[in-house]
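Taking the hints as your guide, dock the two standalone chains into a single complex.
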Amino acid sequence: MRSLLTRDPAARRPLLHTSYRSEMALLNTRAKRWTVAVILLLALSLPFLLRDTDLTMLTRGSAFAIGAIGLMLLTGYAGQISLGHAFFAGVGFYTAAVVSGDPAERALGFGVTEILVWLPAAGLVAAAVGALVAPLATRLRGLYLAIVTLGLVFVGEHIFEQWRSVTGGASSGRRPPAASLFGYRLDLDGPYFTRAQQLFWLMLVLLVIFAVAARNLARSNVGRAFTAIRDRDIAAGVIGVDLTRQKTVAFAVSSFYAGCAGALYYLTFLNVNPDQFNLLLSILFIVMVLIGGVGTISGAIAGAFLIALLPWATDWLAGVLPLVSTRPSDTWNDSVMEFVLYGLLIIGFLLFEPRGLVGIWNRIRNWWTTFPFSY
Amino acid sequence: MTDFLAAVADGLGRGSVYALIALGFVIIYKSSKVISFAQPGFMIAGVVLVTYLVQVSWLGFWGAMLLGAALTALLALGIERAVIRPMIGRPIFAIAIITIGIDIIIRTVAHAYIGPLVRHVDDPWGRDLIQFGPIRMEQRHLAAVVTAAILVTLLFLFFRYTRMGLAMRAVAEDQEAALAQGVSVGAVFATSWALAGGLAAIAGTFAAAGVSVDNTFWPIALYALPVIILGGLDSLPGAVVAGLAIGVLRALADAYPDSLTWLGSNPSVIVPWLVMVLVLILRPYGLFGTREVERV
Chain A
1 MRSLLTRDPA
11 ARRPLLHTSY
21 RSEMALLNTR
31 AKRWTVAVIL
41 LLALSLPFLL
51 RDTDLTMLTR
61 GSAFAIGAIG
71 LMLLTGYAGQ
81 ISLGHAFFAG
91 VGFYTAAVVS
101 GDPAERALGF
111 GVTEILVWLP
121 AAGLVAAAVG
131 ALVAPLATRL
141 RGLYLAIVTL
151 GLVFVGEHIF
161 EQWRSVTGGA
171 SSGRRPPAAS
181 LFGYRLDLDG
191 PYFTRAQQLF
201 WLMLVLLVIF
211 AVAARNLARS
221 NVGRAFTAIR
231 DRDIAAGVIG
241 VDLTRQKTVA
251 FAVSSFYAGC
261 AGALYYLTFL
271 NVNPDQFNLL
281 LSILFIVMVL
291 IGGVGTISGA
301 IAGAFLIALL
311 PWATDWLAGV
321 LPLVSTRPSD
331 TWNDSVMEFV
341 LYGLLIIGFL
351 LFEPRGLVGI
361 WNRIRNWWTT
371 FPFSY
Chain B
1 MTDFLAAVAD
11 GLGRGSVYAL
21 IALGFVIIYK
31 SSKVISFAQP
41 GFMIAGVVLV
51 TYLVQVSWLG
61 FWGAMLLGAA
71 LTALLALGIE
81 RAVIRPMIGR
91 PIFAIAIITI
101 GIDIIIRTVA
111 HAYIGPLVRH
121 VDDPWGRDLI
131 QFGPIRMEQR
141 HLAAVVTAAI
151 LVTLLFLFFR
161 YTRMGLAMRA
171 VAEDQEAALA
181 QGVSVGAVFA
191 TSWALAGGLA
201 AIAGTFAAAG
211 VSVDNTFWPI
221 ALYALPVIIL
231 GGLDSLPGAV
241 VAGLAIGVLR
251 ALADAYPDSL
261 TWLGSNPSVI
271 VPWLVMVLVL
281 ILRPYGLFGT
291 REVERV
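The listed protein sequences correspond, in order, to chains A and B.
Note that our numbering gives residue 290 to position 290 of the first sequence, counting from 1, and the numbers run on in steps of one.
Note that our numbering gives residue 138 to position 138 of the second sequence, counting from 1, and the numbers run on in steps of one.
Only chain B is shown next, with the shape it has when bound in the complex (with noise of 0.2 Å):
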């Protein structure tokens, strides 16, 4: 039983990267019925900007984070303006075939930066231990749900309480019906985009925290993927719950590998998509998703 909650911790930890990477996902799908595939390169440009920030001494861990936040949503925020905005109006499959432009090159030039060598986000945690009662759990997976909370909360509030988050929402409603009340969806794709990145920036640190980065660092990334179809592409509750789902799954096929050994070893690289397809089959718009209505 203690072995059982100690994997759930861990996955709750690891899951509230997902989580926070699939907000992104579904905060850009929800303003322009797009799948962003730029968001492991938001994810790895965010993690290599804070291993760098962290190298100067007065910014500290939080401050390189939040700064390398902020600078990873400029970039999504450039981005979006130069390439994305003259697509509107063009297929979708094109504008997310772009996206995987956009990945490609960012990924491409922070792989670059990252050198032959590993780097590290030089969080306070490490891999030290906090002892729950009988559970133990990693520091640094307790920060990131902690974090992935507050960011919850503060992304909830902004939806709720702020003009730009009424007008993000009264363009996922219907883009034509907000332009025509004084909408700016210019400037809504701009918000989605840059609050995608920064998601993405601050996931990655996080998932980077207690390890090293390198070239093989940005599929975590994807596990973004199985996530959003588990929760409904449409549907930022479900990416917090589908996220947290697949981290914990994750968890429990590393810590219970016996049971699954008909999937090979390292049975957890691949059992979120197994998941995504399962629910593809039984629940094509997710656990919390809505349900698409075609016209002809």
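Extracted from the complex, chain A is given alone in its bound form (with noise of 0.2 Å):
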């Protein structure tokens, strides 16, 4: 009841900000904090509510968004198209489970399952070879960098299906980073909790972390100028944007996403393949950012759940449509579904909402906040 009582003008009308600080907050309106709130406590309860395997899923979900928020940097703030997304991950995914790998095993392994060592080491590895391929990437614009980062991603691949010594080689993979935090050991069942809720509950928190980091980015001064060099990156440079330099961070910083992404996705499988950063890995993470919404954190955090989720949609559509079975040997089973779906996702949106899963949201938001008018 205060907004009614106050005699503050701003309490009243939560569109009206009075100063700069409080238009730029990250929550910058009630309802927005409510919405939070009840979001983080909701996810924080869900270990208790489902069943394993559905964790399990959104688990993966969690990890989805943080790389698909560091493509999100990348692609939608500072308008640079990356299809390499796969192999950043893959590097990642490697140097985690490098450092955190059995000694005793046969591909390498310094054996430090310390999450705080590995987590960092995977982001730092894949943004050193991000700003590596970066200056590449300054050089090109549009499609061409779309097809060079295609090719990254062949090349990538290549690498590691070669190098026996770390990734296991083609056949056979390695096993995903062992993870402890102080000791205690995640990825096991504990006295308390099971595997997966101790995962969830890990990769929800390193999700707000990742989210709440990134949109700060994006409000500062390098997510203006990425913006900038979104929006006209000739008109950028004339206005003392430093092109080289903003670019090679854009693609440092979405490379450390990636590779805290690869090396936590990956958490929740028992054997890793090389084959698994391949491209669509990759079109998978362009997916979730125009799914969601380009431009947006939440969007990009929306995206990857809703892609994560997409096999409860094709089990029940294989339930639904008469023509659709969970039989791998006929010819409409529900990985054919999933894969249509993806596709079907991607020209649904790009035709009739460009704005994405936001671009829904904000429209229901305007929809209800001038009930019953429609203006």
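These are computed hints drawn from the structure, not numbers from a lab.
Where is the CB? At the ideal position from N, CA and C, for every residue including glycine.
Treat the hints with caution; some may be incorrect.
Claimed, not checked - One side only, chain A facing chain B, incomplete, derived with CB under 7 Å:
no. : residue
1   : Leu143
2   : Ile147
3   : Gly151
4   : Phe154
5   : Gln162
6   : Ile283
7   : Phe339
8   : Val340
9   : Gly343
10  : Ile346
11  : Ile347
12  : Leu350
Here it is in structure tokens:
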């Protein structure tokens, strides 16, 4: 009731900002504060409500979201189209796997299972590789960059397959990183909670940290330089944005996120082959960014969860549609449906809702804020 | 020397396949300034169609290939009309990503029709060899080179002497000026997609000659990307020359793996991509492409 009784104009009109600081605040309206609080509370309590298999899908969604946020910074904010995200995810994964791997195993490993060590290492090595690739990217624009980064995925896949001592080779692969926090193993069933529950909470906390960091970057001068480059790179250069430097920063930061996402995503797997880091993974990241809503961090998260939870939709479709089955031997099985849905989502969103899930959410919100009037 | 020439002959055969696919990329790029990532999809769709059509006994291999190419062209035409045309005027990036979506759908459906087993285009050559003096060449490669030569000649005549070819050249030069002169830009887009689809189907059929088609067949079409970068995105002769060059380079990498041990085993997989990166550093507009002029 405070908003109706108080004399403070800012409190009565949530969209009226009386200072730059309040307008740029992370959660600049009360509705946003409440929504975020409710979503976080709900998310924290999910491990008590869901089965472990469903929880693992959400865990993977969180890891995807971290990678998608990275690509969002590069593609959605800085406007550099990269199809090479899977390569950087692979670099991060193998760094983490080497740092934390069991020295007794066949693949190279140093046995440091502390997540606070291997996660930053994964991100930093990927960022370093990203910064190495960036000089090429700063010379190229638009679709040329897309093709080069696509080539990067193929070169990367080849390297991963050849470098057997690190990756285990094409046929056998290697185990994902072992995760412990201050000596407590998170990737094994603990005395109180199961492995799936622990990994879910870990991923949720990391997602919040990564998302807030990205949002802060986006609303800083670096983020404004990114958007200037996206909107018109030559004009941005004219008004004093150092193009080479900012593009390198964008690539390095994006690769850092991709590396962390790669290391985290495969925690939920038992064995990882080098062909995991293929073009499809890159395309999936692009899809997450696009259907989430270009230029918004929340969009990247929404898109990532939509993609990660798509198997639920295909399971449901397999039950509803008469021709679709779950038998892999049939022509129209559920994995075929999954890929067709990826394609349809890309085409549908680009044709009908280029602003993505965030655009849909904004329209719903505007409809309710002005209810019962349409404007 | 004989080994070298044999590798070159082998490479020319593979290269004609890349050249045909790359021509499709370039034709679409010239008309609409979009790189269509749907080409692998059209290629695999064409191949799968051909593998089913060859089972119709009266068609034969050539009839099946031509009918398959025509049907793929129709498919490309329909997709252009339904999905790409509404996107005119939207950012190039968005259209390129839509073509990725198209590619995923076509490829998935085509793979579903390949099924768990492999399929064959039942070509008349298999892996038979033909002898030219000291050089042995696979017949299927010779057929690919000859077919590519015929198609390139036909395309040249089409662009040079038909009204539609003239219209396409006009649109490539300046879309708005062409529109003002009464050229139907929509028809040009449709034709370019149909041509690209048909070429991809024929290229795929020759790539599948002598081997079997399965779910790992489609990346062949992606080698057309280094080709168009090497030749220049907007150059038809560039696509042909660069296609043959990339084919020969791959064949040489296969023939002399010992000199490329630093690339690991099977170096021919990444040689085209390394060439592409090199070209982009030295000559970003390709060997034959026009240098891009940026207006602010």
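Evaluated hints:
1. Leu143: It holds, given that the least Cβ distance between leucine 143 (chain A) and chain B is near 5 Å, below 7 Å.
2. Ile147: Hint holds; isoleucine 147 (chain A) Cβ to chain B Cβ min 5 Å, cut 7 Å.
3. Gly151: Interface hint status for glycine 151 (chain A): holds (4 Å vs cutoff 7 Å).
4. Phe154: OK, holds: phenylalanine 154 (chain A) within 7 Å of chain B, min 5 Å.
5. Gln162: This hint holds: glutamine 162 (chain A) lies near chain B, its Cβ roughly 3 Å from the closest one there, short of 7 Å.
6. Ile283: holds (6 Å)
7. Phe339: Phenylalanine 339 (chain A) check passes; min Cβ-Cβ to chain B is 4 Å, inside 7 Å.
8. Val340: Result: holds, 5 Å to nearest chain B Cβ.
9. Gly343: holds (4 Å)
10. Ile346: Isoleucine 346 (chain A) check passes; min Cβ-Cβ to chain B is 3 Å, inside 7 Å.
11. Ile347: holds (4 Å)
12. Leu350: Since chain B brings a Cβ to about 5 Å from leucine 350 (chain A), closer than 7 Å, the hint holds.
Taken one by one, the earlier hints all hold for this structure without exception.
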